[in-house]
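**Q** Here's the letter readout for the chains.
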Amino acid sequence: GENVEQHPSTLSVQEGDSAVIKCTYSDSASNYFPWYKQELGKRPQLIIDIRSNVGEKKDQRIAVTLNKTAKHFSLHITETQPEDSAVYFCAARFTGTASKLTFGTGTRLQVTL
Amino acid sequence: DTAVSQTPKYLVTQMGNDKSIKCEQNLGHDTMYWYKQDSKKFLKIMFSYNNKELIINETVPNRFSPKSPDKAHLNLHINSLELGDSAVYFCASSDVGTGRNSPLHFGNGTRLTVT
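Line order of the protein sequences matches chains A and B.
For the first sequence, position 41 (counting from the first letter as 1) is numbered 41 according to the numbering used here, and the numbering increases by one without interruption.
For the second sequence, position 58 (counting from the first letter as 1) is numbered 58 according to the numbering used here, and the numbering increases by one without interruption.
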């Protein structure tokens, strides 16, 4: 079935360090993988996405890598800042479900001073 | 000029009551959704409508009935509310037609508390 696993569930890093969040998905034909950031009491907001024809994408301090063979993708945040503290969700769009995103279980990132 | 707006923001009600949440998007998207986020922050899709047509119904109890009067609006009516319905409900929209697969845009959420 359609499944997205996300690890770790919580992550604490010191300001300036890097943070990595990993996700695996079940359908090898999945073609779209977005990442959302949800601050406390707010709505999830898209921060970066990647499509299956690309292996890596970067936007300033944020990068996403995709390994289609292993069916996993990762979010990398470099030079973390306190405002990066939030819950991060990965998601995947599975084949045949063009309008449905399946979300991972979320990672609570805490950036400490 | 909010892209996806939902009302109310907070909803506190007693068990057994019936309540509605409204959602509107001004992005011109063809698809709208309801997602439920529970206390553990899990985001689960409930329904999806494409151009007013129901295309996803994720084994949600019959007490939940979505209605889409037009492609810019998707409302959620909940009958006989139960304690377990307490959660944050997010409306979202995206543009799916002809393979565009645009990202999901979420509303600000409705925090439903059933007492």
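To be clear, the hints were calculated from the coordinates, so they are not data collected in a lab.
Quantities reported herein were computed from a predicted structural model and do not represent experimental measurements.
Among the clues, some could well be false.
Calculated lysine-lysine pairs in the DSS-like style (CA-CA distance at most 25 Å, straight line) [to be verified]:
(1) B:Lys22 - A:Lys57
(2) A:Lys22 - A:Lys68
(3) B:Lys9 - A:Lys37
(4) A:Lys71 - B:Lys44
(5) B:Lys22 - A:Lys37
(6) B:Lys9 - A:Lys42
(7) A:Lys58 - A:Lys68
(8) A:Lys22 - B:Lys36
(9) B:Lys52 - B:Lys9
(10) A:Lys71 - B:Lys41
(11) B:Lys44 - A:Lys42
(12) A:Lys71 - A:Lys42
(13) A:Lys22 - B:Lys44
Here are a few chain B residues that face chain A, going by a calculated C-beta distance under 10 Å [claimed, not checked]:
(14) Ile56
(15) Val60
(16) Phe64
(17) Asn108
Computed far set for chain A versus chain B, every beta-carbon distance over 10 Å [to be verified]:
(18) Lys42
(19) Asp49
(20) Asn53
(21) Lys58
(22) Asn67
(23) Lys68
(24) Gln110
(25) Thr112
Positions of the beta carbon are idealized from the N, C-alpha and C atoms, including for glycine.
**Q** So is lysine 68 of chain A really clear of chain B, every C-beta pair being over 10 Å apart?
**A** The claim stands: lysine 68 of chain A keeps its Cβ more than 10 Å from every Cβ of chain B (closest is about 17 Å).
**Q** Is the nearest CB of chain B more than 10 Å from the CB of lysine 58 of chain A?
**A** Holds, since 17 Å exceeds 10 Å.
**Q** Are the Cα atoms of lysine 71 of chain A and lysine 41 of chain B separated by 25 Å or less?
**A** holds, 24 Å
**Q** Are lysine 71 of chain A and lysine 44 of chain B close enough, with their CA atoms no more than 25 Å apart?
**A** holds, 21 Å
**Q** Are all beta-carbon distances from lysine 42 of chain A to chain B longer than 10 Å?
**A** violated, 7 Å
**Q** Below or equal to 25 Å on CA atoms is what counts here, so check lysine 22 of chain B against lysine 37 of chain A.
**A** holds, 24 Å
**Q** Does lysine 68 of chain A lie within 25 Å of lysine 22 of chain A when you go C-alpha to C-alpha?
**A** The given pair, whose Cα atoms are some 13 Å apart, holds under the 25 Å limit.
**Q** At 10 Å, judged by beta carbons, does threonine 112 of chain A keep clear of chain B as stated?
**A** Fine: 20 Å to the nearest Cβ keeps threonine 112 of chain A off the interface.
**Q** With a cut-off of 25 Å on the C-alpha distance, tell me whether lysine 22 of chain A and lysine 36 of chain B pass.
**A** OK: lysine 22 of chain A and lysine 36 of chain B at ~23 Å, within 25 Å.
**Q** So, valine 60 of chain B near chain A? Judge it on the closest CB pair being under 10 Å.
**A** violated, 14 Å
**Q** Have a go at the asparagine 108 of chain B hint: is there a Cβ in chain A nearer than 10 Å to its own Cβ?
**A** Nearest chain A Cβ about 5 Å off; hint holds.
**Q** Does the structure keep lysine 58 of chain A and lysine 68 of chain A at a Cα separation of 25 Å or less?
**A** Within the cut-off at roughly 18 Å; holds.
Of the numbered hints given earlier, the model fails hints 1, 12, 15, 16, 18 and 19; all others are met.
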